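*Asks:* Chain by chain, the residues run as shown.
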Amino acid sequence: MNNKVLMKGNEALAEAAIQAGCRYFFGYPITPQTELAAYMAKKMPKVNGVYLQAESEIAAANMVLGAAGTGVRAMTSSSSPGISLKSEAISYMAGCDIPALIVNVQRGGPGLGGIQPSQADYWQATKATGHGDFQILVFAPATVQEMIDLVGLAFDKGDEYRIPAMILADGMLGQMMEPVTIPEHTTQHLVEKSWACCGHQNKRKHNVLNSLFLTPSELEKLIIERYKRYDIIKEKEQRWEEYRLDDADIVLVAYGASARVSHTAVDIAREKGYKVGLLRPVTLWPYPTKAFTTLKETARAFISVEMSMGQMVDDVRLAVECKKPVHFVGRTGGKIPTPMEVVDKIVEVGGMD
Amino acid sequence: MEEKIVFSKPKALTDIPFHYCSGCTHGIIHRLVAEVIDELGCEGRTVGVSPVGCAVMNYDYFGCDMIEAAHGRAPAVATGIKRAKPENVVFTYQGDGDLAAIGTAETVHAATRGENITIIFVNNTIYGMTGGQMAPTSLPNQVTQTTPYGRDVNIAGYPVRICEMLSTLDGVALAQRTAVDCVKHVNETKKAIKKAFQNQIDKKGFSIVEVLSTCPTNWGMNPIQAVEWLQKNMIPYYPLGVYKDGVKGDRLKNE
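So the protein sequences, as listed, match chains A and B.
The working numbering applies: residue 1 is where the first sequence begins, and numbers increase by one.
The working numbering applies: residue 1001 is where the second sequence begins, and numbers increase by one.
I should point out that these hints are in silico values taken from the structure, not numbers from a laboratory.
Everything numeric in this text was worked out from a predicted model, so none of it was measured.
Among the hints, erroneous ones may be present.
[Unchecked claim] Taking lysine to aspartate or glutamate and the DMTMM-like style, the derived pairs with C-alpha atoms no more than 25 Å apart in a straight line are: (1) Lys193(A) with Glu178(A); (2) Lys193(A) with Asp1060(B); (3) Lys43(A) with Glu1087(B); (4) Lys46(A) with Glu1087(B).
With these hints in hand, go ahead and build the complete structure from the sequences.
*Replies:* Right, here's the structure in full:
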């Protein structure tokens, strides 16, 4: 399957998961991710996999916990309101160190919000995907091809670090079609899961996957151990992409669909003579702070471009250690910023016109 | 003189002492589950799912692999395990708040899907772990911490009869209510639990055994009074018996 095919983002995510060895999908319908579930319903029976439509997002995510707890690659997908419901199981998976994949094809919020593209779940994904001290890996694709590539990576890294992973997409990426190459069997390495609960076969002591620790010192110790693992992830797994940053004194920071808009805005502003470039985080947790090491010294200002009210601005401020001003331009509620809206902000910050 | 062992702990229980209160019947039910696992010789391929409630720490007590679920989600977790590993024997062990309140949707839908799992449902009409609040199965007029004047059905509604409700669903193979108030009933409970596990091995469908149990601590009684209270008040409201016994979907075949 190394030829180019035209695929919708949601379907590409699904096919990539199958190619990554995922055979267990538990879902619940919600716009705008439904094509992912529909694709799984069609494909899973053909590859001896399981597609199961649960009674709720809560149940679907807990089914993922059970399946992934046996050591297999399992996943669920949803959109913003559904992720709120899945956050219960995500917290439990984090507390039990169970790796699994959660896809969020974001729509507008809060509440029922809307069904148009949004990036308003940034805080939820990166700061609080549930209760308690924990993080999950968060990958933010900007093209359909990258949706495919990051699904395989998310499974691999989740397994490697025993941590749930999320693909944070949005309704635009989910619904758009692009030519893609689907690599077959992207599974890079299947790690041994000696912790899995799949029957001890009278060969070992029983495994227990549990997040309850009533002795505070025991719970604290476990969390501190987990955070040491997070430190390794922060050190080794930051990913980002740079565009025309070499001489940039204004840096746009944008991920996902906003990065596509920003990419165009950079080209337009360059033609107008602005030294502007784009820094596109690919991992949102860990946040690619290393990408800012030089930029925070050389650039004059940063502009966070988002489809939210500016949820990423604080992370950019932290990454630049408040050495330079961090501005914001964006739309929310299902609106997508136009390249010209971004250019206007560049002009305002650049102060040339 | 040579010593002869006439009674011992089931192999499927670990050596960790139970934390349960005096007179609580969780211990009996744990033992029955373990005896059944021993008799079926399936410990090595069994995965249990622990609830939230008094039995929350039973992952320490059962010798098989165990996964701790969020409150009410055990049937969903068990579904995930069983779908991923059909060769495993998968059971949940849940209390009334867990199974019949917060987990009602997970219970009903695992049942109607005919998930090939086994559920041990311990009904003691009260939230024990949190200190004695009204449960979905608390009886009319029952005094609890949150129904201090007795459960007024006009305010708090009526108790849920789980076996009766689930027996209407085509995915169910076995729905049986038993009790552990006397030797006869304990023996019946063990037979029911064994059938519920055997059904799974035979791929018959969803099997649930509801066990009427006591909570002397939160009922404010001594263990003997608690057993008498169960007999006098619970059994009339929750009649013991087999509500469904067959194979999932069998009613459809007969239509």
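*Asks:* All hints are to be evaluated individually against the structure, with a verdict given for each.
*Replies:* Hints versus structure:
no., hint, verdict
1, Lys193(A) with Glu178(A), "violated (36 Å)"
2, Lys193(A) with Asp1060(B), "holds (21 Å)"
3, Lys43(A) with Glu1087(B), "holds (23 Å)"
4, Lys46(A) with Glu1087(B), "holds (21 Å)"
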